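Asker: Listed here are the chains, written in short residue letters.
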Amino acid sequence: MSYKIKKSILYLSLILLALTCVLPFILMVVNATRSGIDIMTSFSFLPGDALAENWETVSGYFNLFKGFYNSLLVAIPATILTAYFSAITAYALAVYHFRGGKFILLVIVVFMMIPGQLSLLGFYNLIAKLKLVDSYIPLIIPAIAAPGTVFFLRQYLLSVLSKSLLEAARIDGATEIHIFHRIVFPIMLPGVATMSIGAFIGNWNSYLVPLILLNSPEKFTLPVMIASLRSSQDITSNQGAIYLAVAISVIPILIVFMFCSKYIISSISAGAVKE
Amino acid sequence: MIVTSGNRKRRNVNHAAYIFIIPFVITFLIFSVYPVFRTLFLSFTNFKGFGTPDFVGMDNYVRVVGDKFFWRAFGNTLQIWIVNIVLQLGIAFILTVVFSDIKYRMQGLGLFRAIFYLPNIIAATSVAFLFSTLLDWRYGTINQLLAFFGINKGNPTNWLGSSSVAPYVIAVIGAWMWFGNSFIMLMAGVQGISKDYFEAAAIDGAGRWKMFSGITIPLLKPILLYVGITSLIGGLQMFDLPFLISGGTAGNPSGKLQTVIMYLYKFGFETGTRQVGYAAAIAYTLFAIILIVSVIQFRAMRDKED
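Just so you know, the sequences run in chain order R and Y. The opening position of the first sequence corresponds to residue 1417 in our numbering, with each subsequent residue numbered one higher. The opening position of the second sequence corresponds to residue 615 in our numbering, with each subsequent residue numbered one higher.
Extracted from the complex, chain Y is given alone in its bound form (with noise of 0.2 Å):
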């Protein structure tokens, strides 16, 4: 009798679990899932924004394919995140050494690692405005703190404005926002490392930097993986930086500021150019790419382990 009651006592507790991811399935089926298949099927059809889509087959992706500007944005984008992930990855990496060097026993990591994320926390919008003045090339403050030492006096660099700098700007700036969080990350996989494993290694005899390479780096791999795909998926994506800098979708000067989305945004949202089905199968075409580079920059890192 108790034990019959037990049972199904039980089973009510359970379905209870129901009634509470409730909310959040129907919100997740509208909002995130169903949006993700309707771009789909926008992708096929050619979707001006207004009326009723015709089914247009692959045509987008052939044109996405064969669009050299398409090209040309995917171009910058990846020029503008190679030279971020380098800068950004690169300083991390370096303060993640310097932070969990046994020799020096640095301090302060707290204070440092807030200061390192505070570009983090501020509106790209912001960020944007604030050092498209400060790098204004006639009366901006950067180039006359330079000219007060000395650098590039009576020859101001136009940093927004000639096309072979902004882009690297761009890097620098993201790379400026966001390389406090990746040292976090890396210093966080640090700290996740037993004490145990240098202990050993030290009582074999082993120097600071054999630990350093053989235990730290391969211990951080699965975290440096993970920063590295997740800065892709967030690199490919760049919008806010470059558009509110150039001002607009074309992503001037000479268009070296367009990427992908501002491309994708030009003909999803700007009127008199909307293609909404062309945007989506942009949308599509870059997410195939990051995914076939997520696969091997995953495959590269597993191999080498073995």
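Same shape as in the complex, but just chain R (with noise of 0.2 Å):
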């Protein structure tokens, strides 16, 4: 009796610490939909009638759906270049053998611990001496080079490809990038997947390095835009106006996660043990 009890109080704790992690975003969707003045003087948790109203001052401000194509524009060639360049480099890595190849491991490994912030004005120089400031450009080529991804995937593929494989290829007569294409990248498309996954969301909630290369209003990603919030009067007196952009740039992600946790959270428990 005593261990049902205490099983259940475990059970209803875990229940109560999930709310906790949901609360906040029920509480969003629901604001979004009242008024500022209903909003201030009370809450609930039936949604409002304000919901247009609230569009209208959010729009008002600034244009929501043009930050979401400009954070597109941005995350998806972003993580495009992430996936592939990666699972080549990664596959260069793991099955090659050349002069250099463990040097640039080390390198990688060594880069992965360095924190962003010695890269950070070093980095904003090198854009504003080749005139890329206020350019998605920054934002997207280095994504080529993802020293985490890399070292990821070389585990992966060290542990699903077998070398017999690519010598039957090469009888076959296949060249080095046709093995690549045709055999490799769809072997390691898992990894390569989950591995996207985790990039894209991370460019997509990208907020320090667009924040201090943008300039121009109707060039700002989805956070920047966000973050400049705080300068509309109108907005931050309608306190449901707040909640539904923030809102909108939520939802997106929320739907992204619905469908991709199996692989962000199979990703992170690999990342741990491989370490």
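One or more of the hints may lead you astray.
[Claimed, not checked] Cross-link-like lysine to aspartate or glutamate pairs, in silico, EDC-like; alpha carbons within 16 Å at most: (1) Y/K662 with Y/D673; (2) Y/K682 with Y/D668; (3) R/K1420 with Y/D673; (4) Y/K809 with Y/D715; (5) R/K1422 with Y/D810; (6) R/K1423 with Y/D681; (7) Y/K824 with Y/D715; (8) Y/K662 with Y/E813; (9) R/K1635 with R/E1583.
[To be verified] To spell it out: a stretch of chain R is covered by chain Y in this simulated footprint if at least three of its residues, at any positions, have a beta carbon under 8 Å from a beta carbon of chain Y; those stretches are: (10) 1428-1439; (11) 1461-1475; (12) 1566-1578; (13) 1606-1613; (14) 1619-1631.
[Unchecked claim] Short derived list, chain Y residues pointing at chain R, Cβ under 10 Å: (15) F664; (16) G665; (17) I716; (18) L725; (19) T747; (20) F793; (21) G806; (22) A820; (23) G821; (24) K824; (25) I843; (26) G848; (27) L878; (28) G886; (29) V907.
Note that these hints are calculated values from the structure, not bench results. Every value quoted in this text rests on a predicted model; they were computed, and no experiment measured them. We treat Cβ as the ideally placed atom computed from N, Cα and C, and that holds for glycine.
Hints given; two lone chains; assemble the complex.
Answerer: Following this line, the structure appears as structure tokens:
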């Protein structure tokens, strides 16, 4: 009996903790439909009828869909570059024996440990010299080199790829790049997909680098746009509008998560055990 | 004849690797390696963000070490990080114990793990706005909820406006965001432990707690160390949350939310206060501190093993 009670208490605590994780989002969605005055006077878990009004306030200040579009314009190419070039680099490091291969791997591991702030100022300085400030290029092109992803995919490849498969393909006369595209890439696809989801979320949520690089409001990505909320009197005086703007920025990523949470969690688990 | 052609072929095969890694290596050198050294170079100059940098030797570093505002920002960051990591790892650790307990055999790991991880994937900007609105002390929903349950009724806490409360609020929001990540990593570590150990221990008559302290904890150490060091690196670089919640690099109330990176940002990127050389020296000083603490942390964990 006491075993059952203890177990129930444990489940109850877990459910409470889970509620704590979800509650802010529930309040966000509910408050997004309520008027500013309603929100200020009382809380409610029932939706209100001010959604259209809040939407007018938000869209009167900025075009969130433009922010969406801009974020996609950065996050999609950056993710594709990370996925493809990390895969091919990981393949080269895992399969071939060549001078400098070990050294590159060492440098990759060292750079995984170096905090981003060390490169931030030099990076901005470089981009300014290249006259690429206020452009998406410095947000996209550097994605070709993602040391963490290369490291993960190399480990992944070592555990799933059999070298006899490569030998067989070579005997059949396939070129090396063909082998990568036709045989190796499909085999590593689950690993690549996992890392791509992580890369996409990272790019989508990225704030500091777009903040320092982008000047024109029409180029702002979604997080930078959301962060500029504070400067609008219309919005800060209507909490409903703030909740709605935040909700619009959050919902797509929640949808992605609903479908991909398994992959995301398995990638963190794998990363932890590999270290 | 055949052997020679085979060797020739093999050499060509390995040469393909150079072509495959070229895009990575070039991008990596330009956008990752060069900026790190460029920052180091700038830290020895008086660069203001424009014009040509003049070499000033160690001046910037001497200034950082004697700068009481740098140390205040460092203290703020440390305070937020310590409260944050204790909560974050504490919750993650308790959850790991609960889910790996062989007596209670809790179900629903997959679902709980996903829900606990949820706050991780939300952009810090969105989280910051969500919470600064929910925590608004006069009109925020949190104080209304508390009042409904009779807590602080008529005397609402000024969560983000009081300098003695706000750092803890940031730490709690951080823990809320990241405990799921720590939990997944610790849980992965537990699941990676071979069942044989536990079975052998059970045969020897070891109890649950004996197994936990004798098997689980020692085998979890590398992961605890990894989580600890990555959280230190991330925590000392905290920027988004305090920057957005306090509404600028000043880190108000009373500068208590000004973290090191916010202080760096003020000199590195804000017009009017731009002293890029000095900001670069702040970056490297912080890095030196992180390095020293990581080494100490690493040593401490390893020595305990012996």
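Asker: Work down the list of hints and note, for each, if the structure agrees.
Answerer: These are the hints, each one checked on the structure:
1. Y/K662 with Y/D673: 14 Å, holds
2. Y/K682 with Y/D668: 25 Å, violated
3. R/K1420 with Y/D673: Outside the cut-off at roughly 67 Å; violated.
4. Y/K809 with Y/D715: 13 Å, holds
5. R/K1422 with Y/D810: Since the Cα atoms of R/K1422 and Y/D810 sit roughly 28 Å apart, the hinted pair is violated (cutoff 16 Å).
6. R/K1423 with Y/D681: 54 Å, violated
7. Y/K824 with Y/D715: 12 Å, holds
8. Y/K662 with Y/E813: Judged against 16 Å, a Cα distance of about 65 Å means the pair is violated.
9. R/K1635 with R/E1583: 49 Å, violated
10. 1428-1439: It holds, with 6 qualifying residues against the three required.
11. 1461-1475: As far as the region 1461-1475 of chain R goes, the hint is violated, because 0 residues have Cβ atoms under 8 Å from chain Y.
12. 1566-1578: Three-residue rule not met by the region 1566-1578 of chain R, so violated; n is 1.
13. 1606-1613: Since 0 is below three, the answer is violated.
14. 1619-1631: holds (count 5)
15. F664: 9 Å, holds
16. G665: Check failed: Cβ of Y/G665 comes no nearer than 12 Å to chain R, outside 10 Å.
17. I716: Given a least distance of 13 Å, the restraint on Y/I716 is violated.
18. L725: 8 Å, holds
19. T747: For Y/T747, the interface hint holds, since the closest Cβ of chain R sits about 5 Å away, which is under 10 Å.
20. F793: Where the cut-off is 10 Å and the nearest Cβ of chain R is about 9 Å from Y/F793, the hint holds.
21. G806: The hint holds - Y/G806 has a Cβ within 10 Å of chain R, the shortest such distance being about 5 Å.
22. A820: The hint is violated - Y/A820 has no Cβ within 10 Å of chain R, the shortest such distance being about 20 Å.
23. G821: Cβ of Y/G821 sits 16 Å from chain R, so the hint is violated.
24. K824: Violated - the Cβ of Y/K824 stays beyond 10 Å from chain R, reaching only about 19 Å at its closest.
25. I843: 8 Å, holds
26. G848: Interface hint status for Y/G848: holds (8 Å vs cutoff 10 Å).
27. L878: Status holds, d = 7 Å.
28. G886: 15 Å, violated
29. V907: Not OK, violated: Y/V907 not within 10 Å of chain R, min 12 Å.
This entry does not satisfy hints 2, 3, 5, 6, 8, 9, 11, 12, 13, 16, 17, 22, 23, 24, 28 and 29, going by the numbered hints stated previously.
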